[in-house]
Amino acid sequence: MDPQLSSCKSWLRSLGLGACAAFSLIHAAQAGTPALSAKEPTVPVEAVSWKDHTISPVANPFFHEDAIIRSELRPVFVHHNIDDTFLGGGDAQLYALQIRYALTDRLAIIATQDGYFSINNDAIASPEGWMDLALGLKYALIDDEASQFILTPGFTFKIPTGDREVFQGRGGGEWDLFVAAQKGFGDFHLSGNLGVRLPNNSAENSTLVHYSLMADYYTCRWFIPFVAFNAYTVVDAGNNIALNTEGYDVINFGASGSQGVTQGTIAVGFRSRILKNVDFGFAYEKAIIEPVSLTDDRLTFDLSIRF
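For the sequence shown, the residue numbers in the numbering used here are 1 to 307.
There is no bait here: all hints are sound.
Calculated lysine to aspartate or glutamate pairs in the DMTMM-like style (CA-CA distance at most 25 Å, straight line):
1) Lys286 with Asp91
2) Lys51 with Glu145
3) Lys276 with Asp143
4) Lys286 with Asp114
5) Lys286 with Glu128
6) Lys276 with Asp52
7) Lys183 with Asp52
8) Lys276 with Asp187
9) Lys276 with Asp105
10) Lys183 with Asp105
11) Lys276 with Glu145
12) Lys286 with Asp297
13) Lys183 with Glu145
14) Lys183 with Asp143
15) Lys51 with Asp187
16) Lys286 with Asp296
17) Lys51 with Asp105
18) Lys183 with Asp144
19) Lys286 with Asp83
20) Lys51 with Asp144
21) Lys286 with Asp122
22) Lys286 with Asp84
23) Lys51 with Asp143
Have a look at the derived ranges for each label pair, beta carbon to beta carbon:
24) Arg306 with Asn244: 38 to 46 Å
25) Ser126 with Gln148: 45 to 53 Å
26) Asp297 with Ser126: 16 to 24 Å
27) Arg221 with Ser71: 15 to 23 Å
28) Leu299 with Thr85: 18 to 26 Å
Simulated from the structure, these hints should not be mistaken for lab results.
Just so it is clear, CB atoms sit at the ideal spot from N, CA and C, and this is done for glycine as well.
Please work from the sequences and hints to get the whole structure.
Spelled out as structure tokens, the structure:
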């Protein structure tokens with residue numbers, strides 16, 4: 001056989017096989033079946049946690065500590081109206097910055113109180129000054145993702161670094177031992193906190209039990225409404241000042257006539273997730289248990305900036 005003819009036949013055979021292969025690839029692509037698809041890696045779908053739709057408490061930010069472990073900065077502003085029956089009434093403003101840092105997914109350092117406090121009341125000459133500092137830890141003892149439940153004990157210690165003019169910097173410091181819990185039911189959540197405030201000097205400061213409960217519902221990222229109840233009961237009155245009530249959350253008067261007294265508020269408000277990691281919070285809080293004393297009502301605004 002002619003060598004040139006044999007070479008030509010081989011070349012035509014190769015060309016035909018190549019054309020068949022190309023046609024098969026084009027047909028497979030048009031049919032929606034990519035070549036070698038079995039070798040392509042499968043990208044896992046990221047799991048969504050029930051915690052993604054939960055919110056940090058807005059009302060009572062100093063003692064309703066969140067059960068969920070988060071890293072966040074939380075600037076807080078409170079406008080507080082003093083009841084007219086308490087030294088003629090007036091108002092107060094608080095500017096604070098809370099910090100929480102998750103060391104692990106169960107353990108966090110918390111800085112729950114600091115900032116500047118201004119009281120507008122003629123009877124006490126309208127003082128202003130710095131708040132005490134409160135630092136501590138919290139640990140998620142139970143974190144059951146499937147049951148949407150978390151239980152977190154913790155503590156803070158209030159360092160008496162503040163100004164005595166605004167009823168801070170007294171008593172050798174105060175411990176807060178607490179346990180926080182949260183339970184999810186889809187997009188409806190219940191969260192609570194129970195704790196005891198133990199002063200190092202029980203004559204200058206009172207010993208109180210505090211308890212909080214909040215219900216919230218994630219309607220959408222822009223509107224997450226809640227209702228909350230916060231209360232404080234004096235279990236061992238101090239002997240510092242002759243008052244018959246205590247100062248709720250910010251002030252511990254050490255009031256000698258406050259033994260057994262309970263003071264409480266109801267709060268309504270909402271959070272709005274203005275960015276993926278930033279929640280704006282608003283709460284209106286009203287005293288509902290007599291004697292209301294220091295509190296008539298208050299407005300609280302904050303930002304929960306998670307990182």
